[in-house]
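One-letter residues, chain by chain:
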Amino acid sequence: MTRTARGVTLSIVLAVALVVAVLLSAMVGQLPVTPAEIVGSLLRGAGIPNGWAPTDQIVESTLWVVRFPRIVMGLAVGAALAVAGSVMQAIFGNPLAEPGVVGVSSGAALGAAAAIVFGVTALGSWSIALFAFVGGLLATLLVYFVSRANGRTEVVTLLLTGIAINAFAGAGLAFLLFVGDTASREQITFWQLGSLNGSLWREVGIVAPIMVVGLVAAVLLGRQYDLLALGERNARHLGVNVEALRIGSIVLVALLTGVAVAFCGIIAFVGLVVPHVIRMAIGPSHRPLIIASAVGGGALISFADLIARTVVPGADLPIGMLTSLIGGPFFFYLLFRQRRRSGGWA
Amino acid sequence: MSAGKPTDAGVAIVASGVGVVIDGRAIVSDVAIEIRSGEVLALVGPNGAGKSTLLGVLSGDVRPTHGSVLIAGRDIRSLRHLELARLRSVLTQENQVSFPFTVNEVVEMGRSPWMKTAERENDAAAIEAAIRATDIAHLGERRYTSLSGGEKARVSLARVLAQAAGTVFLDEPTAALDLRHQEDVMRTARALAAEGRAVVVVVHDLSLAGAYADRVALIADGRLESTGTPLEVLTAERVERVYGLPVEVIITNNRPVILPVRGASGA
Numbered sequence: 000m001t002r003t004a005r006g007v008t009l010s011i012v013l014a015v016a017l018v019v020a021v022l023l024s025a026m027v028g029q030l031p032v033t034p035a036e037i038v039g040s041l042l043r044g045a046g047i048p049n050g051w052a053p054t055d056q057i058v059e060s061t062l063w064v065v066r067f068p069r070i071v072m073g074l075a076v077g078a079a080l081a082v083a084g085s086v087m088q089a090i091f092g093n094p095l096a097e098p099g100v101v102g103v104s105s106g107a108a109l110g111a112a113a114a115i116v117f118g119v120t121a122l123g124s125w126s127i128a129l130f131a132f133v134g135g136l137l138a139t140l141l142v143y144f145v146s147r148a149n150g151r152t153e154v155v156t157l158l159l160t161g162i163a164i165n166a167f168a169g170a171g172l173a174f175l176l177f178v179g180d181t182a183s184r185e186q187i188t189f190w191q192l193g194s195l196n197g198s199l200w201r202e203v204g205i206v207a208p209i210m211v212v213g214l215v216a217a218v219l220l221g222r223q224y225d226l227l228a229l230g231e232r233n234a235r236h237l238g239v240n241v242e243a244l245r246i247g248s249i250v251l252v253a254l255l256t257g258v259a260v261a262f263c264g265i266i267a268f269v270g271l272v273v274p275h276v277i278r279m280a281i282g283p284s285h286r287p288l289i290i291a292s293a294v295g296g297g298a299l300i301s302f303a304d305l306i307a308r309t310v311v312p313g314a315d316l317p318i319g320m321l322t323s324l325i326g327g328p329f330f331f332y333l334l335f336r337q338r339r340r341s342g343g344w345a
Numbered sequence: 000m001s002a003g004k005p006t007d008a009g010v011a012i013v014a015s016g017v018g019v020v021i022d023g024r025a026i027v028s029d030v031a032i033e034i035r036s037g038e039v040l041a042l043v044g045p046n047g048a049g050k051s052t053l054l055g056v057l058s059g060d061v062r063p064t065h066g067s068v069l070i071a072g073r074d075i076r077s078l079r080h081l082e083l084a085r086l087r088s089v090l091t092q093e094n095q096v097s098f099p100f101t102v103n104e105v106v107e108m109g110r111s112p113w114m115k116t117a118e119r120e121n122d123a124a125a126i127e128a129a130i131r132a133t134d135i136a137h138l139g140e141r142r143y144t145s146l147s148g149g150e151k152a153r154v155s156l157a158r159v160l161a162q163a164a165g166t167v168f169l170d171e172p173t174a175a176l177d178l179r180h181q182e183d184v185m186r187t188a189r190a191l192a193a194e195g196r197a198v199v200v201v202v203h204d205l206s207l208a209g210a211y212a213d214r215v216a217l218i219a220d221g222r223l224e225s226t227g228t229p230l231e232v233l234t235a236e237r238v239e240r241v242y243g244l245p246v247e248v249i250i251t252n253n254r255p256v257i258l259p260v261r262g263a264s265g266a
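Protein chains in written order, with numbering that gives the first Met the number 0: chain F, 0 to 345; chain C, 0 to 266.
One or more hints might be untrue.
Partial list, computed: chain F residues near chain C (C-beta under 10 Å) [said to hold, decoys possible]:
{"no.": "1", "residue": "A35"}
{"no.": "2", "residue": "S60"}
{"no.": "3", "residue": "Q88"}
{"no.": "4", "residue": "N233"}
{"no.": "5", "residue": "R235"}
Derived CB-CB ranges, DEER-like [to be verified]:
{"no.": "6", "chain 1": "C", "residue 1": "A136", "chain 2": "F", "residue 2": "A4", "range": "54 to 62 Å"}
{"no.": "7", "chain 1": "C", "residue 1": "R79", "chain 2": "F", "residue 2": "T120", "range": "43 to 51 Å"}
{"no.": "8", "chain 1": "F", "residue 1": "L219", "chain 2": "C", "residue 2": "A123", "range": "22 to 30 Å"}
Keep in mind that the hints were calculated from the coordinates and are not lab data.
Note that the Cβ used here is the ideal one computed from N, Cα and C, for glycine as well.
If we strip away everything but chain C, and leave its shape as in the complex, we get:
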């Protein structure tokens, strides 16, 4: 997967002064963030904080009203669709397939940006690795449309992994998954980072973010509230303030576990 990998473990994406205004309302304001190759960055924040929009800006889907985004050193807006597809892959929340393609066919579609390039040689290896990482080998000839929600989510993740891009965006990849597969996905994210890729993952579960991310970016009201290691960002005081809910932070293995304080008033 050499071509998809960044040449040196440097900065994959640089966003500076990014703002998005939709219908006169600032959804994202003045966000500056760097995404480094070889790290997992968790994007967390309350519902409606602007995480999805920010993810859209960073992945080239949403054109920012202000500021700029550089991917692999180039302005993301100057890239053609196919060039961009070789630099970043995106797992979206919505993963419907209109026609009954088989699971294998869907995963193979992840390789399409590399058609007519030397990378084609790696097609089989990339697909096999993606299928192994997501534990879907037994689904191969099933129709995608007949799968359960969790299976669909894993197959879609496999497609995104097969794309073998240097930067991987995962928008709530754990939402439809059971406990074990949630952990599997986060471990996969770590494995991608270990290969030298940059991984940006949006998660709601702060403990999951705390356990697997190298850095956490907390978004509140469209602004970057704080970035840093999970221990630095996910303090009880900050989480309480941003989410408006009293929480307790327990530290195990040097990682924060965030628990809402329940029944504290004796109710």
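Bound-form chain F, shown alone:
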């Protein structure tokens, strides 16, 4: 199959997966809702009166107050993390770079936890997001400058830097857990595990626009990321302002990861697994890769969240635990494959 044909197939698969994920997420739960009621309710929400719309006020509010914001949040966070992963892999020139693995997520979580414990509310609900962004940005900058040498990233250094940052952020979180009051502790624990539970439209209103802006920026930079795959010098010879691209991309990664972590905690491996699978399907060209990763990331998080809240009746499992459960073994597989191929870790 040619790459174009694979691209068309992948688009159809992703579109179907996304619609199924959204529909199922809206239907399944303590209060089952029929597909007709969902479509009817959505149409009524759009100002079109129809016969399908649920007459029961409880169904209506279950959809609009609980399930819809959670679904939209899942799509936005999944897309943000997958795009952040693709961008990170592009600037590191390495498919193993991922916000969770190299410590950007835990840097962001540390920032968010600091905002909670010290009660920073100067900017309202943006405060936590801002702190998460700053934490994520510092972590990304650190990883980048420590693990880059002569225009290349050694895998060992990249992963070791990740270990160091994760350890440091873990210590920071432990300290904040120690000094925080009971309410802060609960919130921080939630951050470490990651969950979409209790998503509010107000929060969606922050995450979704930032995700969209980040996605558009990443797509616009897509061709430059392609050239960057030739190496920094060659990219420069082809007219890419590598320094500017690098700094801009680091900010982009921190922004996307920070905003996702600020409201949903650490959901690791989405940025690793999704771009990797899509690259295998349609090749490494960054524009299609980034767009498909956004859709794929959204669909993956929707499915994962559906499992998280239904697999144990009456309980809401942390979604971060679930993605790590899938992502961990997948990461092992990637490492072993790379070692077998290149005979080393570099």
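Here the structure of chain F is known, so what remains is to put chain C in place on it, guided by the hints.
Leaving out everything else, chain C in the frame of chain F:
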């Protein structure tokens, strides 16, 4: 490829008083050199003589500590990355690609400086010519990462040719290649010059430089030892002195062939 070609067969690059000092050590000192459109200039010299650094200065990668470089009449440091990419292309020694792009995709990347310009019309023609010149048509849909060293070198050369810049820098383009492809690359360099481009090529094989270059620049200890035609520069006396090795120069077809003197002492 009109826009990439210099308008008249004049001087493509002028370097004057160029010096590069790194950590207090002079890597390149006081080099003045002109690179003319329509000629192949071979940059030769022993390992560590400063060839790569000089190439970096001439191509705008390395900012010289002293002196200046003009490309197409403008100070190379005043140009934006994209402007420079339309004036010169560079084949580097290191040509790794991080993700499994296909050969066709890699060659197409050579056209990216011309995106959003009228030159786009020539994309297909430039890519086709580059693929033909480097003999890689059969590799088209292969993944770059799966190619052999020699194939990678030829694909990278094709990308550089597709860029269709007025000045082409080739840093040891023959290093990974077998005999036939070495000759092919040097013939390609000659063909580029025949189109009116300026070609600067770093080679270690002095006979290869002697056979294909219009002019040879011999670098020793960061200084320009000598410039001129291959016959003028590559004399037995000079090569012996610079490389510290006795050589014999045989002249065939008015071109020098340089051979190390082996076993002369009977050892």
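Check your understanding: Which earlier hints can't be squared with this structure?
Key -> 1, 2 and 6
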